[in-house]
Amino acid sequence: MITPTTHVKRGLLVKDLVTIGIFSALFLVVSLVAGMPFAPNPVLTFLMPVSIAFFTGPVYMLLLAKVPQHGAVIILGTIMGLIMFITGMFWIWSITYVALGIIAGKIAELGGYRSLNWNIASFVVFSLNPIGSYAMLWIDKQSYVDYLVGKGTDPVYLETMAYTAQNWVLPSLIIGTVSAALLGALLGKRLLKKQFERAGIV
Amino acid sequence: MITLHDVTYTYQDEKDGVQDINITIKPGECVLLCGRSGCGKTTLTRLINGLIPHFFPGKLAGRVTLDSVDLAEMPMYAIAEKVGSVFQNPRTQFFNVDTDSEIAFCMENLSYPVETILARMQKTVKDLRAESLLGRSIFALSGGEKQKVAFASVYAPSPDVYVLDEPSSNLDVASIDQVREILLLLKQQGKTIVIAEHRLYYLQEIVDRIIYLDKGRIAAEYTVEQFLALDSAAAMSRGLRTMDLHKVVLAEQRNQPNFPVLTVEKLTLKYEKNIVLEDVNLAVAKGDVVGIIGRNGAGKSTFSKVLCGLQQEFSGTFCYHGKPVAAKQRLKLAYMVMQDVNYQLFAESVEEECSLGVVSPEPNMIVDVLKELDLYECRSRHPVSLSGGQKQRTAIAAGILCNKEILIFDEPTSGLDFDGMKQVSKLLTQLTEMGKIVFVVTHDYEFIALACNRVIHFDGGRLQDDFAINRQNSKKLRDFFVR
Amino acid sequence: MKLIQVLANQKKQGRLQLDPRTKLFILLIGNLGVLFAPSLRYEIFLAGSAIVFGLFCGVYRSSLIMAAVYCLLITLQILGAAYLVGVWKISIVAFISFCRKIFPCAMLGGVLIATTKVNEFMAALNRLRISKTIFIPLVVLLRYFPMMKEEWEHIRNAMKMRGISPSFWAIIRHPVTTLEYVYVPMLIAASNLADQLSAAAITRGIDNPSPRTCLQQVGFHALDAVSAGGALLLLAAAWL
Chain A
1 MITPTTHVKR GLLVKDLVTI GIFSALFLVV SLVAGMPFAP NPVLTFLMPV
51 SIAFFTGPVY MLLLAKVPQH GAVIILGTIM GLIMFITGMF WIWSITYVAL
101 GIIAGKIAEL GGYRSLNWNI ASFVVFSLNP IGSYAMLWID KQSYVDYLVG
151 KGTDPVYLET MAYTAQNWVL PSLIIGTVSA ALLGALLGKR LLKKQFERAG
201 IV
Chain B
1001 MITLHDVTYT YQDEKDGVQD INITIKPGEC VLLCGRSGCG KTTLTRLING
1051 LIPHFFPGKL AGRVTLDSVD LAEMPMYAIA EKVGSVFQNP RTQFFNVDTD
1101 SEIAFCMENL SYPVETILAR MQKTVKDLRA ESLLGRSIFA LSGGEKQKVA
1151 FASVYAPSPD VYVLDEPSSN LDVASIDQVR EILLLLKQQG KTIVIAEHRL
1201 YYLQEIVDRI IYLDKGRIAA EYTVEQFLAL DSAAAMSRGL RTMDLHKVVL
1251 AEQRNQPNFP VLTVEKLTLK YEKNIVLEDV NLAVAKGDVV GIIGRNGAGK
1301 STFSKVLCGL QQEFSGTFCY HGKPVAAKQR LKLAYMVMQD VNYQLFAESV
1351 EEECSLGVVS PEPNMIVDVL KELDLYECRS RHPVSLSGGQ KQRTAIAAGI
1401 LCNKEILIFD EPTSGLDFDG MKQVSKLLTQ LTEMGKIVFV VTHDYEFIAL
1451 ACNRVIHFDG GRLQDDFAIN RQNSKKLRDF FVR
Chain C
2001 MKLIQVLANQ KKQGRLQLDP RTKLFILLIG NLGVLFAPSL RYEIFLAGSA
2051 IVFGLFCGVY RSSLIMAAVY CLLITLQILG AAYLVGVWKI SIVAFISFCR
2101 KIFPCAMLGG VLIATTKVNE FMAALNRLRI SKTIFIPLVV LLRYFPMMKE
2151 EWEHIRNAMK MRGISPSFWA IIRHPVTTLE YVYVPMLIAA SNLADQLSAA
2201 AITRGIDNPS PRTCLQQVGF HALDAVSAGG ALLLLAAAWL
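Residue numbers (the working numbering), protein chains in the order written: chain A, 1 to 202; chain B, 1001 to 1483; chain C, 2001 to 2240.
These are computed hints drawn from the structure, not numbers from a lab.
Built from N, CA and C at the ideal position, the CB exists for glycine as well.
Sample of chain A residues facing chain B (criterion: CB under 7 Å; computed from the structure): (1) Q195; (2) R198; (3) A199; (4) G200.
Based on the provided sequences and hints, a complete structural model is requested.
Here is the structure:
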């Protein structure tokens, strides 16, 4: 039996890299279409990670099904991070993409990259990345509070509000994103079994 | 010099491959590989350009050597310097977004110095007469232009061997001429050419030797004279298309008196703010199979889209059974079978696909249509896992079950061998027997001669000609295709 | 030599033309500036500089639009702080303030994308010795991106003809199946493309381990040093 010899690195063939490139493009476009309606809206903005998590689920699951190797998710994360940086998103989002890419990759590795359930878990972790883009909001809370206090708002009132606002937003964002990611990945799993495996593209 | 010595190869899925291949190709020779679909000609091209074994996993026995070096032991990039490959689909073989980068791509990969790259690019552009293609976005090119860029990209590093896998598949007549010009140039330069093809007519003056494959084995070898001497029956029984277009015989058409059911009046169409077709008038009857011909950009696809209601007409009317039908109604009435059928397959089985989109499909009707189209056996299979012909029929079945009356086919025979083409022709006849109106957009002369009873020709922004297929008009039709 | 003319960068009058690596560097500095911004005054200064940079690079229309957007953001922030109350105040004003703060990054990113051609960018990455495992997927992404719109239109047309159009009502009534109808052909087409693109790349030597040369030339000039230096000075001003 002769196996293809156009390896580039550690088991990743040119064909795998091309596949990763194509699916990264899909991931990017789906993220844009899913996220753009929500991102600029101050009220709905926190729905952005939730929406992205749901819609990118099937793309991620199919990518891992086609390239069940070390590096697939890391490269996806790195490329998305690079693109986020170039398009002028704040650099924390890029870092979270790369970091979560590495972690999610490790999680998928636990299932040998072929276990659907481990891949789902991997995706759930990976999909938390947009939350990194909001990090500034919480880091910056203190200076903002100071600013408002400087403007004459009652400090006690502010502290309560800031405290309450901070407390429920972040956890519900995480829960929302995780749930959406689970649903998206499960949809991906369903599409894999029902369609893609039977179509012969996996 | 290329040799294949006792080569037997089976693909990983163990279904297809080639057996006991022994071929020697001398430098400067042009060899044509032909045969039915699945005969192994593409596999042979892959053995010569190294894709087997470097890209396609499988079982390989025997040796393939290029200038006495075994290809299995050469890395792909070394092979790439000596063997240039052009594939059938111009849309999916370019790797860059602009033409300059694409032409330079191979040389860049091979780490040639920039001065060399520039010099070679200049020579390439001059030799292939491709000046008008420089500095453009590949997405803005026509299919023929893309294929020319593909050739340029492969010509630039000046390989000794060219391997072409059905390069004319998706091209119109003018573009095929350009391919012929390029091949003549390569021949003049003494390059070795290996070409796998269905469409044989443009290669008459180029090939030296013709190898006919059947079920993975070499079944016969011919010179061009011997091949041309084969009569039509012999060619057809081998599943081959004709090499001499002058030999194409128009099929006997049934002469049915029919009144027009679909009329088009004073139709004017626009594409991106430009008028593409003006004042088109047409009357089509049930049972008509209308071939639509015209050069690239003549407005065939705009017409198809407007007919199906996917695009609004700029002015003019469509009337069906005497009543005017607007775009929204045409969407329900007409159906296009696309060149790439994959875009219109949505369900997980052929049966499911047939019930998609229909409000309440009668199970009996579905069974009937599946049996009629020879799809009943594969009704539980996923449509995408089927063969090209089966996929096409699945899309048609879905259209029939959606009660479509007008069907329009976009290049249904591109890449098909003779048997495949005959099957499509038979299918169209079946559809007319069901009372459907059929339009076919095609560049395939043999197919039109076999399947259509009428031809409309778009040119210069107008419906240039509208004629029935019969003895009197045969020369007119042939002149469009044969140069 | 006609070819050289075609391939050489055309230097337009009055436009700052920088090596993509310089632009990346300036983008990085911009990010650092946003991170270390000590005061509202500095933030406005940073945003202003980004807009001026855009104008220098020849991106006139977008820079002016962005300037208007920035003024709008400041106005909304001040009005919001003055007139809104409670949780609304915190969340909306904080969000607008956040947008305003990261504005310089978006501005610089936009300039980079508008002024850099794809092959210039890839040439710059090549000079940075980026690994093939990132280079190849990135090239493929850039190549596939423009194609996706066309593919989507084919799929949408096919859906319309079958009466399963991805319209608003279809999404409300059958969200999952409509999504399936979009995803299945899209992902299958993408999957098929990967095979063909790979073959086209391999038969043209992409697996060569030696470093690629690039037809497109990128290089540093005096203006690059000046721009980079200017950016660093702006950053240093944060500590003044």
